[in-house]
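In this text, residue positions in the sequence shown follow our numbering: the first is 42, and each later residue adds one.
Some hints could be false.
Said to hold, decoys possible - Subject to a maximum C-alpha distance of 25 Å in a straight line, what follows is the list of computed DMTMM-like cross-link-like pairs (lysine to aspartate or glutamate):
{"hint": "1", "residue 1": "Lys322", "residue 2": "Glu310"}
{"hint": "2", "residue 1": "Lys240", "residue 2": "Asp97"}
{"hint": "3", "residue 1": "Lys391", "residue 2": "Asp401"}
{"hint": "4", "residue 1": "Lys416", "residue 2": "Asp343"}
{"hint": "5", "residue 1": "Lys130", "residue 2": "Glu76"}
What the hints assert, rightly or not - Computed beta-carbon distance windows for the label pairs:
{"hint": "6", "residue 1": "Met140", "residue 2": "Leu318", "range": "52 to 60 Å"}
{"hint": "7", "residue 1": "Cys187", "residue 2": "Gln293", "range": "39 to 47 Å"}
{"hint": "8", "residue 1": "Trp125", "residue 2": "His406", "range": "43 to 51 Å"}
{"hint": "9", "residue 1": "Asp401", "residue 2": "Gln203", "range": "42 to 50 Å"}
Hints are computed from structural coordinates only; laboratory data are not their basis. Glycine included, every Cβ here is placed at the ideal spot set by N, Cα and C.
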Amino acid sequence: MLDSCYPLNLAVSQTSHRHILVITRTFLPAEGGIEDYVYSRCLQDPDKVILLTAGDFDTESFDNQQPFPIYRWWLPGWLPTNAWGRILKQIFNMVGAFMMALRLSARYAFCSIEWCHGYDFPALLLLTYLLPVKTFIYLHGNDLICPLKLPVIKSLFCLTLQRLEGVICNSSFTEQHLRSHLPISLNTYIINPTVRTTKFRSYCLTGANNRQQIRQQYGISNEATVLLSVGRLVKRKGFDRVIRNLPHLLTQGLDVHYIICGRGAMQAELQRLVTTLDLGKHIHFAGFVPDQDLAHYYEACDVFTMLTTFDVNAGSIEGFGIVYAEAGYFSKPVLATNVGGVVDAVHHEKNGLLVAANDDEGITHALARLCQDPKLRERLGNMGRQLALKKTPHRLIYQG
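Construct the complete structure from the given sequences, taking the supplied hints into account.
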């Protein structure tokens with residue numbers, strides 16, 4: 042029954058007329074780029090938004106604190122993590138989102154639906170036939186690449202897009218990829234992700250002494266140059282490329298350390314590479330770092346780097362890269378590759394340096410340049426801070 046799915050913050054939901062149903066299969070307090078993106082979107086119009094998402098464990102306290110109502114469809118916790126489990130989870134998400142959206146339409150007079158990712162889009166397609174409201178979809182990169190792999194799914198995805206009021210892309214790359222692979226007439230908007238500053242609240246309360254604390258934790262001197270990467274330990278993130286460049290920096294007499302925040306399938310391989318290159322004293326694996334502690338690592342570093350590539354086999358690419366913007370928020374310069382939507386997050390010689398993904402010599406030169414030039418780091422970091430604070434209002438999609 043719908044009554045069992047009411048949000049706990051009923052006072053919020055009953056005191057205003059809400060026009061926008063925002064649907065996402067993943068949301069806070071789960072951590073991730075799309076989760077942050079959707080949350081930032083909701084906070085722009087908290088008096089107009091209803092949030093519908095998948096159920097999760099221990100969300101009651103978080104949901105109760107939000108200035109907009111949150112509804113969650115049931116998602117069983119016993120689903121396996123293998124391929125069959127992922128298929129079942131997708132089915133539960135599609136059915137749950139579809140049924141709950143219909144039920145909420147009877148309670149709220151919402152005028153539009155914002156479907157916040159390209160996944161589970163058949164449910165959105167059905168809703169366009171059943172509900173007389175404007176519908177929009179958000180695309181982030183991988184969720185666009187996936188439905189293009191099979192002709193049948195691609196045709197169904199194309200039909201879905203044609204029935205929508207508009208498509209919101211997280212970067213110019215995502216928009217270009219959409220238009221080049223689906224030559225149909227679409228209203229598109231580019232709204233880059235923004236930094237969710239509330240996730241760094243603990244940093245604002247405790248101050249900048251965390252820089253020294255993190256460095257002491259890993260035995261790094263205050264004079265050393267610290268490189269930082271944050272993300273899942275997968276091939277396309279390019280952690281191994283930074284590791285392979287460290288010997289070049291050390292032979293130039295630079296005191297350089299590299300901290301890696303994250304976990305993933307590639308960790309054992311990366312650790313073996315560190316052992317092979319005898320870099321154990323200079324490379325530090327922090328493991329998974331929760332949001333409330335991540336600010337300390339950004340503050341402790343001098344340069345943020347993520348040398349992403351396009352993983353052809355996995356069909357995966359960086360649609361934007363919110364970690365680049367987060368580094369800028371802490372006034373840190375960035376080194377990145379000009380792959381995918383990264384070029385929307387990192388502007389060459391403004392808030393960082395961009396190099397070609399296959400230019401090993403260029404990567405080495407750019408790393409050395411950033412490590413050797415503190416004035417360059419300061420200039421790029423200051424501009425990064427300015428860019429990180431810029432926001433594009435989502436309400437622009439209704440102004441056309």
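*Taking 25 Å as the top limit, are the C-alpha atoms of lysine 391 and aspartate 401 close enough?*
holds, 22 Å
*39 to 47 Å as the expected CB spacing between glutamine 293 and cysteine 187, which holds or is violated*: holds, 43 Å
*Please work out if lysine 322 and glutamate 310 have their alpha carbons no farther apart than 25 Å.*
Holds, because 17 Å separates the two Cα atoms, which is no more than 25 Å.
*Note whether the CB distance of aspartate 401 and glutamine 203 lies within 42 to 50 Å or breaks it.*
At 43 Å between Cβs, range holds.
_Given hint glutamate 76 paired with lysine 130 - CA-CA distance at most 25 Å_ = holds, 18 Å
*Is the hinted range of 52 to 60 Å satisfied by the C-beta distance from methionine 140 to leucine 318?*
holds, 54 Å
*Range hint compliance [Cβ, tryptophan 125 to histidine 406, 43 to 51 Å]*: holds, 48 Å
*asked:* Need the status of pair lysine 416, aspartate 343: alpha-carbon distance at most 25 Å?
replied: holds, 12 Å
_Does aspartate 97 sit within 25 Å of lysine 240, going by the straight-line distance between their CA atoms?_
holds, 19 Å
Of the numbered hints stated above, none is contradicted by the structure.
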